[in-house]
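Peer 1: First to last, the sequence lines map onto chains A and B.
Count along the first sequence starting at 1, add 14, and that's the number in the numbering used here.
Count along the second sequence starting at 1, add 1115, and that's the number in the numbering used here.
No lab work stands behind these hints: they were computed from the structure.
If you're wondering where the values come from, they're calculated on a predicted model, not measured in any experiment.
Glycine is no exception: its CB is placed at the ideal position from the N, C-alpha and C atoms.
One or more of the hints may lead you astray.
Pairs of lysine-lysine, DSBU-like flavour, derived with a Cα cap of 30 Å [claimed, not checked]: (1) A:K502 - A:K424; (2) A:K266 - A:K228; (3) A:K228 - B:K1207; (4) B:K1186 - B:K1207; (5) A:K456 - A:K424; (6) B:K1207 - A:K293.
Here are some of the chain A residues that sit facing chain B, going by a computed Cβ distance under 7 Å [stated by the list, open to error]: (7) K38; (8) R304; (9) A305; (10) R308; (11) S311; (12) A454.
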Amino acid sequence: MVGYWDNDLVCRYANAQYLVWFGKSAEQMLGITIQELMGPELFARNKPYIDGALAGQEQEFERLLIKADGSHGWTQARYVPDIGGGKVRGFFVLVTEITQLKQAEERIKALNDILERRYLDTSQALIAADQNYREIFNNAPIAILFRDISTGKLVDANPKATEITGYSRAELISATPELFDTHDPAYSADLARTLLQKAVAGEPQVFEWRSRHKSGHDLWLEINMVRAVIGGKPALLSFYQQIDERKTYEQKLNQMNAELEVRVAERTRELTAAIEELKSFSYTVSHDLRAPLRAISGFSRILQTDFAAELPAQAQHFLEMIARNARRMGLLIDDLLAFSGLGQKSLVLTDVDLAELVRQTILELDRTTSHRAQFQVKVAGRVRADYSLLIQVLINLLSNAVKYSARSEKPVVQITSAEEGDSIVCTVADNGVGFNMQYAEKLFGVFERLHSDTEFEGVGVGLAIVKRIVERHGGRVWAEAEEGKGAKFFFSLPKGANGN
Amino acid sequence: METDKIADILLVEDNPNDAELVLYALKKAHVLNPVLHLGDGEAALHYLFGEGEYAGRDIQIRPRLILLDLKMPKVNGVEVLRRLKSAPETQKIPVVILTSSSLDPDIQECYALGANSYIVKPVDFEHFSLSVTRIGDYWLTMNRPP
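Throw the hints in and build the complete structure from the sequences for me.
Peer 2: Rendered as structure tokens:
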């Protein structure tokens, strides 16, 4: 709207908009004073501008006006003084409605406020986050140091670094690897630099390091170095953990191990010596005990066979007792020696043909004992075993079978074999006196016998030897029997390779 | 004199009881050939090769059978056998090993070295004659009393 007011503040002109705004007619407008038109409140507020205009200064301001219809509108007013002849004759009023502009301004402001708030929130969050990391950095239980890669300078070190190394943050920042040198060639400053370079190149390093505390004493650290980006720039992060305790334990452990090794070596020497002594003792005993025994056996037998005619029955009977006991003692020595010697010899494993082995055993039995037993053999395959030890097993089992079936009318000893997975199981079955299964457990014990000496000669070591030998080969022994019907002895051994 | 000793059968045995039993068995088998009994391996080797106390002996005169004990002091039976079988002069003399146990692992070694058979001590007549017959009873037949 446009209007003109004279220097008495009387309206001289008002355009149609003016009339609409203030709700006045043309007649009413002309001659109305500005005070009347504005009302006391508006006039009071505009007065400074009016006075300014009358003083000859152009005025520009924004005012929220209430229109005649009651609605609000933002206006931008300009009072332009009318200067003529050196005097202010009045002023023009130019008012533009800027409601929408204002509204837009308002909206922009509101949005700005929101943005500002968001920015503040984010900043606060960032600051808070930074605080969190700061907290972590400051309270970390391991030393954290980081180095700017481009400058090569240490940028920061956390309190723990100071605690561990004894150097202040400032001292650490200005330190060189020489400061921590312990003059241990395994942990030289040059090596430190090499490791640093590797980490900088992108290869994370983890290693133990012998360092020096400020106070001069040794400091064992586990160091982790990794390349990272800190503050947007490539940095090298180092973490130090103190491992003095661990190192002490390690050293102690090594020492104890070394001591243990020494003790073990000593003990082994002692044991080996003892075994050797035992071996030679056993051998000597056997040899020296056997000699007089041979004399007793030999001469008493001569008396029995060649001088029978001159000897009364009683004398012959006593001679028989002598001979029998000498035999028994011989067996005892043999068996004891075999049993005690079993542990030491290492197995000489070959692929043993079972059929051949059984054949040899039977031949030996036929040669050394007089028996009536009939052998029925059905064995096949090969076992992985020590030949000389296996022969003993068979001799013991077969001679047992023969012995305990000696009283049968038709003693038969069956020897069979069967494959069972990776093993071969052999069975020696006789039709002799058998035994009570209740005592089967005791069968393989040393000196255990289930029949008295008067019934069957023997010492009770034979089966213990069998058990020892078979078990040394990784096999099993077991037995089944029925009193009066006979017994079956089983043993398993690893299969041998087939072939020639 | 030592160097005059001749024998068809050389018995090398350190145990006097064992030796006596062997001699008895020989007697029972009606073996009348002279038997020389030496008490250890060293003496046996000296005799056979004309060394030591037997230096100067005519070693062409050799026993026709050697009964050899295994376990002896100074030089044991296996050693004696080894030397015997590696010398052309003595290689062909039949050797019967005397052993205290049929399971003696030395028996195998002796067979490998060329022993002819073995007898388990204490020597009894039946086994004894069986063993020596196996060698070939030429010396038994040779000795049948006229």
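Peer 1: Could you work out which of the previously given hints the structure breaks and list their numbers from low to high?
Peer 2: 3, 6, 7 and 12
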